[in-house]
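Chain order of the listed sequences is F and Y.
341 is the number that our numbering gives the last residue of the first sequence; the numbers go up by one with no jumps.
563 is the number that our numbering gives the last residue of the second sequence; the numbers go up by one with no jumps.
Mixed in with the good hints, there may be bad ones.
As the list claims (entries may be wrong) - Taking beta-carbon pairs under 7 Å as the criterion, some of the chain F residues facing chain Y (in silico):
{"no.": "1", "residue": "F44"}
{"no.": "2", "residue": "S48"}
{"no.": "3", "residue": "S51"}
{"no.": "4", "residue": "R205"}
{"no.": "5", "residue": "V207"}
{"no.": "6", "residue": "F210"}
{"no.": "7", "residue": "S214"}
{"no.": "8", "residue": "I220"}
{"no.": "9", "residue": "A221"}
{"no.": "10", "residue": "A223"}
{"no.": "11", "residue": "G226"}
Stated by the list, open to error - Far from chain F, by Cβ distances over 12 Å, these chain Y residues were calculated:
{"no.": "12", "residue": "V69"}
{"no.": "13", "residue": "G130"}
{"no.": "14", "residue": "V219"}
{"no.": "15", "residue": "D374"}
{"no.": "16", "residue": "E438"}
These aren't lab readings, by the way, just hints derived from the structure by calculation.
Everything numeric in this text was worked out from a predicted model, so none of it was measured.
Using N, Cα and C, we set each Cβ at its ideal position, and we do this for glycine too.
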Amino acid sequence: MRFSSKVVTPAIAVGGSIIVTTLILWAMGEPPGAFGRAFAAGSFGSFSNFSEMLVKATPLLVAALGVSVAFKAGLFNIGVEGQIYAGGLAAAYVAAAWHLPAGLHALVAMGAGALIGGMLTLVPAWLKVSRGVNEVITTLMVYYVASLAVHYMVVNPLRAPGVVPATRPIADTAVLPVLVRGTRLHMGVVIAVVLGVLLWFLIYRTVFGFHVRSIGENRIAAAYAGIPVSQVVYLSMFLSGAVAGMAGAIQVLGVDHRFFDQFSPGLGFDSIAVALVGMAHPLGTIFAGFLFGALRTGVLEMTVRFGTPKALALVVEGLTVLFLAFERLYRVKLLREGRVR
Amino acid sequence: MEHVLAAIDITKRYPGGVVANDQVSFDLLPGEVHAVVGENGAGKTTLMKILAGLLAPDSGSILVRGQEVSMRGPVDAYRLGIGMVHQHLMLIPRFTVAENIALGAEPRRGLNIDRAAIRAWVKDLSHQYGLAVDPDAIVKNLSIGEKQRVEIIKVMYRKADVIILDEPTAVLSPGEVDNLFSVIRLLCRAGKSVVFVSHKLPEVIEIADRITVLAKGRVVGTVSRGQVDVQALGEMITGSGSPDFGTARSGAARSVTAGPAVGGSGAIGSAAAAGSSERGSVAPGSAAAGGEASSARLSRHDRQAGDVILRITGLRARAASSEAEVLKGATLELRSGEILGIAGVEGNGQAELVDVILGLLRPNAGEVSILGRDVTRMSPRSIRDLGVALIPDDRHEKGLLLGFPAWENMMLGYETSDTRIQRGGFLNISAALSRAKELARTFNLIPANVYAPASSFSGGNQQKMILARELSSTLRLVVAAQPTRGLDVGSTAFVHSKIVEKRDAGAGVLLISFDLDEILGLSDRIAVMYDGRVVATMCNDGKVTKERLGLLMTGLGDREGVA
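Chain F extracted, bound-state conformation (with noise of 0.2 Å):
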C-alpha cells in the first residue's frame, strides 16, 4: 500500500499533466502527434539528445535531494536557489584559485560548494530552533541575500574580463571529466546518483536517519523519545544546504567550467517541484529529476522544430505539481468514507 501509492501517485500526476498538456495543444490547433514524437525524440531522439538531457537533469535532481532531506525532518527549505548560487561560486573560486591534484581539486571544490552552502542554513536553523521562525520565511530571506551577495562578487570583485559576467575559467584539473567523448555527458550524473543512493542509506537505513524522519512525523513525540530534536533540525538542514550547495558546484564544475552570473534561472525552485513529484524519497527523487529534464529537453526540442513556447515546459511541471495536490485532496476523500484510515 504505502510503497504502491508512493509510485502511483506521481506516476499518475505526472500522466494527467501530460494528457492536459496535451489537449492544450490541440485547442491551439496543433497537432499532437507530431509534438509527441518532436518531445520523445528531445530526450530519447539519439545518445547525443539523451545526453543533454541527463545533463539537464543533473543539477535539478541533486538541488531536489537536498530539498527532500529537509522535507524528510519536515522542514522546507526553500532557500535553495541561494544555496545553489553561493555552493557555485565557492566552487568556482576554489576550482580556479587554488592548485591541487587533478581530482582531489574537484572534490574540494565540490566540498567548498557543499559547505557555503549548509552553512546559508545555519542561521534559519538557529532560528527555528531558539524562536520557533518559521523555516520557510528565513531561508527565502537567506536567499535574497546570498542571491545579490553573490551577483555582487561576479559583477565586481571576482568578474573576469569579458561582456558577460562572470569569474575566471577554472583550472583543468577541478574539472568534472567527460564521460562519454563528444558530449557535455560529465562525471557529475554519476555522482548525483550515487549521492540519491547515499542519502537513501543514510535516511532509511541509519539511526541519524530514523530520527530525521521521527521529527519530521512528530517532533512532540521524537522530544519525548529523547531524540535531540534541535541537533537534528541543524543537522538536516546544514544536510539539505549542503547538497543544494553541490548542486551548483556540480554545474560550475561539470558544465559552464567558470561562474556565470545568474546561471541558475529558478533552478533551486524548480527543483521543488521534483523533490514534490519524486515524495520527497530520494530513490523517488532521483526519477523525477529525470522526468524533468526530460520534459525540458523535449518541450526545447518542439520549440526547435514548431516553434511552440519554451514555456510550455512549465506548463506540465505547473499541472504535475497540482495534480499530486489533487491527490491530497482525494485522499482527504478516501479518509472521509474510510476508505484509508
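Model the placement of chain Y on the given structure of chain F, informed by the hints.
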C-alpha cells in the same frame, strides 16, 4: 414514539478487511440518553462517525425522523439536527468562547458579525441548561470541563436535537462529571436526545435510559435502565472467551487473586477493572466495587520501600507556552518498588512535572534527582538512559509516529541504546523487525502486523505498542501519565497489570491520573497536587476516601499527613 434518529443494518469495512460495523442497528428516541459501550475496536467510534456524517457506510441506511437521509459531511448532519462533541475537543484556542461557538455560522449585521446576538444567545443557554461559561473568555484559558461546555453550546447553537458525546467524561474530574450529567438531564427534559459513548460503566448505568453494547463490530444487545448492573454489563461487553484481551484479563486476574470470585474465570479481571473505574456516587454494586478495589490493594505485597529513585524538591517551573508559573514549589519522593499516585485536577502542574522529570522543561528553581543524580541540566536522552520510561498522557501527540509502521514505533526512543537494533549508527532492520514481532507477541498486539502504520491500530493496541517499547527494558523509574485514558476495561486491566509488574520488579512508578479510582486502586502512596504544589502525601492504607482526596484536589480540606 417516533425515532429521532435510526441506523439500520449499517456495515462498514476498512481496507485490510477489518469490519468495523457489521449489520449494526441503533435508534434514538426523543428525550432519551442512549449509551453505546464496548471495548476499543468494537466499532463505537465508527458508528458515531457514521451517525455524525463524518463517514459514509458501505451499506445500510440512516433515518432521521423517519426519513432516509444521506449525509456528505458534518454540515449535512447539522442541517438534520445532529451534532457531535468529539473526545478531542475541536476549538480554536485563541478565539473567545462566543467566536468559537459562532464559527462557521456567524449571525451577521451588515458585513459584521453580530457579537451581541451570540452573547445574548449564550447567556440565555447558560441559564436554561446550567452551561455556565463566559462568552468573552478566551478558550485557551478555560479548563477542560469548560471547553467541553463550549462544545456542547456550539452544537446547540446549530440547533441540534441529537447530541453525540464521544467519551465526554474521559478527561473530567468527578465534580465536572456531575455537572455534565445535570446538563445532560436538562437537555433531555427539553426534548433533546443524547448519544453517550463511554468506557466507564458506572457512569453509563447512572445516566443512560438505554444501553447498546457493541463487540467486534456487532450489536450484542440493547438493554434499558435497571435491566443490568455494572458487572452484567461488563460481561456483555467482553463476552466469553473474547480473544482480544485474553492475556490482559489473565494478567489482571493474577494481580487480583484475592478478589471475590465473580462469574466465570474469564470475567474476574474485567469485573475488577470495571470496579476500579467505578465512581463513588453510584449506588448499585459500589460496595462490591470497593471490595474489589481493596482486594487489588491486597495483592500488593507489604514490602519495605527501597532506595529513593526520584526526589523532587521545591520545584518551580513555567508552562512551556506562557509566562505563568505552573509549578510552585512541588516536593515529593519516590522509592523503588512503590507506586506513587499523583491525584489532582488536570492543569495543576502535572504535565509540567512530567516534562521537567524527562528533561523537556527547564525548571526555574528546585531540584529533580533520579537515583541521586541531579537531572535538571541533563538532556532527555541521558535521563532516559538512566532507566526512565514514559507512558505519555496523549498517545497521538507525545507517544507515536502515527504514519510510521508499528515496528518503527516500537523502537522509538530505544534506537540508540539497544545495541541489537543499531551498531555504529547503522540500523539493523531485520533485528528491529524480529524484536518488534517478539514484543507484538508478548503484548498481544492485534493485529500482530508490525508493518501496519500505527494509525491503523485501535487506541488500546496503540497503547500496547507504547507499553511494549517502554516497559521491555530494565527500568528504575516509570512515569505513567494517564496510562489508561480512553481505554476499555480489558485494555485498562492489561495496562495496570504491566505497571504492577514493573513495580514488583523493583522500579519506582509515578502514576499521574485524573481518575481517582485508578489512583486508589493502584497506588501504594498518594500525593495530591493542587496549584503547582504537592499539598498532601499519604499512605494508601484503605482509609483514604475519594471525598477527602476530592477536597484536597480543590485546595480545600485538611492538610494533614503532608510528608
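Status of each hint after checking the structure:
1. The restraint placing F44 of chain F at the interface with chain Y is violated, with a minimum CB-CB distance near 37 Å, outside the 7 Å limit.
2. For S48 of chain F, the suggested interface contact is broken, since its CB lies about 42 Å from the closest CB of chain Y, more than 7 Å.
3. A least Cβ separation of about 36 Å between S51 of chain F and chain Y goes past the 7 Å threshold, and the interface hint is therefore violated.
4. Annotation: R205 of chain F was flagged as interfacial toward chain Y, and the flag holds, the nearest CB pair being 5 Å apart, inside 7 Å.
5. Among the interface hints, the one on V207 of chain F holds; its C-beta lies about 5 Å from the nearest C-beta in chain Y, closer than the 7 Å criterion.
6. Annotation: interface hint on F210 of chain F holds; nearest CB of chain Y at approximately 5 Å, less than 7 Å.
7. For S214 of chain F, the interface hint holds, since its Cβ comes within 7 Å of a Cβ in chain Y; the closest pair sits about 6 Å apart.
8. A least Cβ separation of about 6 Å between I220 of chain F and chain Y falls short of the 7 Å threshold, and the interface hint therefore holds.
9. Look at A221 of chain F: its Cβ gets to within about 6 Å of chain Y, closer than 7 Å, so that hint holds up.
10. This hint holds: A223 of chain F has a C-beta 6 Å from the nearest C-beta of chain Y, less than the 7 Å allowed.
11. The beta carbon of G226 of chain F is positioned within 7 Å of a beta carbon in chain Y (closest approach about 4 Å), and the interface hint is therefore held.
12. Annotated as non-interface, V69 of chain Y keeps its C-beta farther than 12 Å from every C-beta of chain F; the closest such distance is 17 Å.
13. With a cut of 12 Å on Cβ distances, G130 of chain Y stays outside the contact zone with chain F, its closest approach being about 35 Å.
14. At the 12 Å boundary, the C-beta of V219 of chain Y stays outside the reach of chain F, the nearest C-beta of that chain being 19 Å off.
15. Every CB of chain F is more than 12 Å from the CB of D374 of chain Y (nearest about 18 Å), matching its label as outside the interface.
16. Residue placement check: E438 of chain Y keeps its beta carbon more than 12 Å from all beta carbons of chain F (closest about 19 Å).
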